[in-house]
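> These protein sequences, in sequence, are chains A and B.
As numbered in the working numbering, residues 582 to 998 make up the first sequence, in order.
As numbered in the working numbering, residues 131 to 419 make up the second sequence, in order.
Hints in this document: simulated from the structure, not taken from any laboratory.
We treat Cβ as the ideally placed atom computed from N, Cα and C, and that holds for glycine.
It is possible that some hints are incorrect.
As the list claims (entries may be wrong) - Residues from chain A that face chain B, not an exhaustive set, calculated with beta carbons under 10 Å:
#, residue
1, A656
2, T695
3, F813
4, N853
5, V854
6, K870
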Amino acid sequence: MTGDNELSAINNAAPARGAQKKLSRRKFLVRTGGVLAAGAFGAVPLRGWAADPINIGALYPTTGSMAQIGVGCVAAAKLAIEMVNEAGGIKSLGGAKLNLVVSDVQSDTTVTRTETDRLITGNKLSAIHGCYASALTLIASEVAERAKVPLITGSSSDQLNKGRTYTFTPFARASQFAKAQLQMAKLVSDQAKVAVIFENTAFGTSTSNGLKELAPGEGVEIVMFEPYSAGFTDASPLINKVKASGANTLFSISYLNDLILIVRTVKQVGLNVAINGGSGGFVMPDFYKNVGKAAEGLQGVAHWNHDVSEEAQKVNVEFKKRTGEFAFEYAGGLVAQTFMLADALERAASADPKKVREALSTLDVSSGYAAMAPGGKVKFGPDGKNVYGRPVGVQWQNTDLVSVFPKEDARAPLMKT
Amino acid sequence: MLETLVQAVINGLLIGGIYALVSIGVTLIFGVVKIVNFAQGEFVMIGMYISFFLATQFGVDPLVSLVVSMPVLFIAGVLIQHFLIRRVLGPNDMPQIFLTFALSLLLLNLSLMFFTANYRTVHTSYSDEALHLGGLYIPVAKLIAFAVAMALSGLLWVFLHTTDLGKAMRAASQNRDVAMLMGINPNRVFAVAFGAALALAGAAGSLLMPFYSAYPFVGQVFVLMAFVAVVLGTLGNVIGALIASLMMGVAESLGIQFVGADSGLIVVFAMLLLTLAFKPSGLGARRGR
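Isolated chain A (complex conformation) (with noise of 0.2 Å):
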């Protein structure tokens, strides 16, 4: 017994990274070396003995274009981790922590790749989340996949939710954001005639593809719809065509310095349209920041925000303390990613990936930090996907994000600039 207890301390030491974990490491040995020091002695305290720690991977791009996003991300999931341990850890498996494995994908896919199987091959993992961009996500979902392990993830691309058994989705997908993004045009002006701009990877396409399909059925123009490369340089030829195609409201599906271009471009050109950032970018603290007084009244969508729950405040409140910043979408969505994981080791009692995967595919959360959603309910479906997911339309006001949209999450009217 004791034998295999100093195995999985090994175990445990080859992965260890950063304070954090070294840290639950000492601790480990120490309470290793008590338990050793009891047996030398003859009695053997096993139920004061703290469970083996279960290995949750988490997979963001700490470094490269995304590093920002990807580091506050992380910072959520370490709070998170914290939250439930100091919530008692799983008590099914006797009180076992959870620990964070970080991976950093660099922002780049190839590396994800390697990342991913890198990560699952040398650590025991039950559960991962990551990756924050789509396009991250696309190829960590298939490496788990194969390896079957469980990914857990507020990344919106539909084509997570294709031929996938083990990826969960407990937030709104692209396609909804569409029709709430519709919906919001709507309500600013009865004819609503929107021009679409979309960055040209996975996370533009799929979102901008659901609002031309939607449109009709929504009773929305669409005036204009074009792909553009991110990482541009000059946001005016892109905003010219905006001008000429006559839109009143104008969607723009892009990371944060091209939108912050772009909005600042729409005040140069003295255009006046009403502009549904979407979410990505848009919903990022650093936003408001870049673009100062010219994002009061912009409108976006988001999978999370800060004001839906209580829970999401107290959240808030604490992210806040740690880094200056209001919770963000994702961080804020990763902290109830933690709780579902824990919801489902509980059940599952067991820390194999699989019985994970079984937990998970049967949650049915209404309360509690795990269902801190717009809509206050997570259940998957057979895809993998939240049943009762749909996103909140968010407004800036006042240097705030505030939720405006649908009326049950709405906790301030919407502006109308």
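With chain A held as given, fit chain B onto it using these hints.
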């Protein structure tokens, strides 16, 4: 339609002015020192951060901070040439390529470490302003950037054509060995060329700051265009790089406007391939082949 076309050309010229500052630096270094500086974009990034910190810490207007970023990067260029580049100059190109590439990666990762990957923006009174002429608009910050870029390019041209040092640089770029035989001190010429090129990158950074966000990877966005302009305008040809940069800005803008918003780079690279196919030494070459 005509208005849209004119607007597209204006947009292209304005951003082309920034491409020009970067590409002239690359082509100057290539012409005189005969190495390709892969780190040029990172020096634009440093120029941006200099302006950003002067603006946020001391309230200096980014355009005014040009007088800081240019000399700082000039000195950096002289030092880099003296302590790094000089030692790898020789018949073999590989060490030079690795040196500037390593420099690029080093600067990139250092800036990620010190500045983090956050986007940093400076708001000036003219950042979001534009001149409106009929249906056309000209963003003030970009217009200033363009004017200063053209003025600096002009100054460089005057320097290269009227001063002894400038003439020595041109001589070295035309035929280094003969220039050396005529008594030109290569180290001095190389150091000034490298310094001037980096000063231009710094200027590009400061000029970008009022309307573009600074982040560690920002240089890579511009350096890609700069390399195309350098090849298009004939390696080592300053005027060629200038004209090619403006052409590329316009081609990119027209491409986005009339072909599709994700085709800007397609148009630019198609232009590069066609030029290389029919005029392999670039548009600035005196003879076709």
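> Now look at each hint and say whether the structure bears it out.
Outcome of the hint check:
The beta carbon of A656/A is not positioned within 10 Å of any beta carbon in chain B (closest approach about 13 Å), and the interface hint is therefore violated. Hint status for T695/A relative to chain B: violated, with the closest Cβ pair at about 19 Å, above 10 Å. Residue-level restraint check for F813/A holds (minimum Cβ-Cβ distance to chain B is 7 Å; threshold 10 Å). The beta carbon of N853/A is not positioned within 10 Å of any beta carbon in chain B (closest approach about 13 Å), and the interface hint is therefore violated.
For V854/A, the interface hint is violated, since its Cβ never comes within 10 Å of a Cβ in chain B; the closest pair sits about 15 Å apart. A cut of 10 Å between beta carbons decides the hint on K870/A: the least distance to chain B is about 8 Å, and the hint holds.
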